[in-house]
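S.K.: Sequence:
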Amino acid sequence: MRIAIFTGNKLLLGQSWIFNELDILYKNQFDVLLPYVVLDKTKDNRYKINKHAINFLYIPRCKLNFREVLHLLVLQISTMIKHPSGYIRMLSTALSFFDYYLLINTFKLTKVIDKLSDFRPNIIYAHYPNNSFALAYFVSVFFDRKLGIVCHATYDYPEYINKIINKPEFILVKSKSVKNFLLQKYPGLYPKKITVLPWGIDTEFFRRSVLSTSEESGHTSSEVSSGLFTILSVSRFVEMKGLIYLLQACKLLAGENIKFKCILVGYGPLKSYYERLIKRNKLKNYIKILPPIPHTMRLKKLLSFADVFVLPAIINEKTGEQDFIPNAVLEAMAMEKVVITTKVTGMQEVAKDGESIFFVKEKDPVDLAKKVGFYKAYIAMYSDRPMTAAHKVFKDDISHAEKKRRWKILENLINKPNL
95 MRIAIFTGNK LLLGQSWIFN ELDILYKNQF DVLLPYVVLD KTKDNRYKIN KHAINFLYIP
155 RCKLNFREVL HLLVLQISTM IKHPSGYIRM LSTALSFFDY YLLINTFKLT KVIDKLSDFR
215 PNIIYAHYPN NSFALAYFVS VFFDRKLGIV CHATYDYPEY INKIINKPEF ILVKSKSVKN
275 FLLQKYPGLY PKKITVLPWG IDTEFFRRSV LSTSEESGHT SSEVSSGLFT ILSVSRFVEM
335 KGLIYLLQAC KLLAGENIKF KCILVGYGPL KSYYERLIKR NKLKNYIKIL PPIPHTMRLK
395 KLLSFADVFV LPAIINEKTG EQDFIPNAVL EAMAMEKVVI TTKVTGMQEV AKDGESIFFV
455 KEKDPVDLAK KVGFYKAYIA MYSDRPMTAA HKVFKDDISH AEKKRRWKIL ENLINKPNL
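First residue of the sequence shown? That's 95 in our numbering, and the numbers climb one at a time after it.
Bear in mind the hints are in silico, worked out from the structure with no lab data behind them. There's no promise every hint is true.
Said to hold, decoys possible - Listed below are the simulated SDA-like cross-link pairs for lysine to any residue, each with C-alpha atoms no more than 25 Å apart in a straight line:
1. K261 <-> L277
2. K205 <-> N216
3. K261 <-> F201
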């Protein structure tokens with residue numbers, strides 16, 4: 095079985111879900127193709143790029159100059175000759191929308207249509223209803239295959255998506271909040287197409303009791319100082335994660351002579367900005383930035399030794415980008431850690447305020463500093479709360495949700511006569 099997965103305009107290799115998905119599909123003997131427009135080639139991702147290079151298919155952008163237009167015209171004629179039925183079906187569908195941006199996506203595809211034809215996907219789905227979804231849609235039209243979308247979060251999706259949002263057979267979302275966002279943004283979207291299926295974590299791995307004494311003793315003190323109250327945050331360094339407010343809260347805590355250590359684990363475009371802020375505010379003795387850590391014992395040790403997990407997520411006002419029920423938060427809960435976050439994350443769908451999560455106001459470093467300081471002062475009073483958090487994660491069977499999501503995708507797409 096051959097699957098084409100359109101992962102987004104920019105393929106971010108630091109995001110572990112891509113490789114979780116590949117591993118599950120590989121184990122079940124699926125051939126996978128990952129079409130992309132931009133590839134995130136940071137030095138931390140070289141190994142992943144080399145390991146999975148055979149799965150990538152670069153889709154070049156269209157540059158509307160004379161030479162490019164002439165080249166595209168030749169490609170259109172060539173594609174029509176080689177694949178008449180698929181080409182006519184795709185082009186007529188694109189023209190029926192009377193939309194320039196949707197038509198441009200068909201031109202992009204003609205640059206790689208021969209490679210797609212050689213692969214000949216049986217199953218097609220896209221992550222995020224953005225430009226990559228438009229590309230996936232026209233590939234599904236070209237090969238006459240079913241199409242699905244998987245939505246991780248909310249964004250300010252392109253307006254032209256409204257014209258094709260009902261075309262997929264199904265839409266999988268990770269929370270009720272994402273479903274409500276889509277229904278509000280696209281009034282014509284059929285609610286029955288949307289299935290809410292929480293993303294999963296590996297609770298067999300992220301389980302506090304599994305960490306043995308010998309494993310704990312191997313922990314490096316350079317990452318977490320034993321005896322110091324330790325704040326941990328694991329995320330991409332992008333605006334919607336709200337880490338700028340954690341840095342500001344750390345400055346307030348340091349100003350009150352509170353002893354603590356804050357560890358930020360991740361990568362992203364704001365990394366250098368955070369480093370400058372830490373240096374400018376003389377917080378080097380308090381805050382440490384570590385590169386992305388895969389799901390290994392090292393990450394588990396960091397979670398084990400941390401006292402609290404913090405993610406002060408916000409809504410990106412420019413893009414509308416918003417994170418919902420982040421896996422990193424679920425992993426911290428599974429490791430019996432109290433979490434401090436905002437309601438922007440949608441974690442109120444998982445636990446009540448004060449139960450195993452403390453909610454803080456969005457974009458409010460003062461409130462965040464108060465909550466962290468309060469928990470540090472009264473940590474003994476909340477010793478049973480992390481166990482409640484872990485119980486909630488295990489009770490909801492989130493350990494199997496990751497595989498359920500993958501197979502839900504396949505179940506919706508695989509039962510088609512022409513496969």
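S.K.: Of the hints given before, which are not true for this structure?
M.R.: Nothing - there is no hint that the structure violates, so all of them hold.
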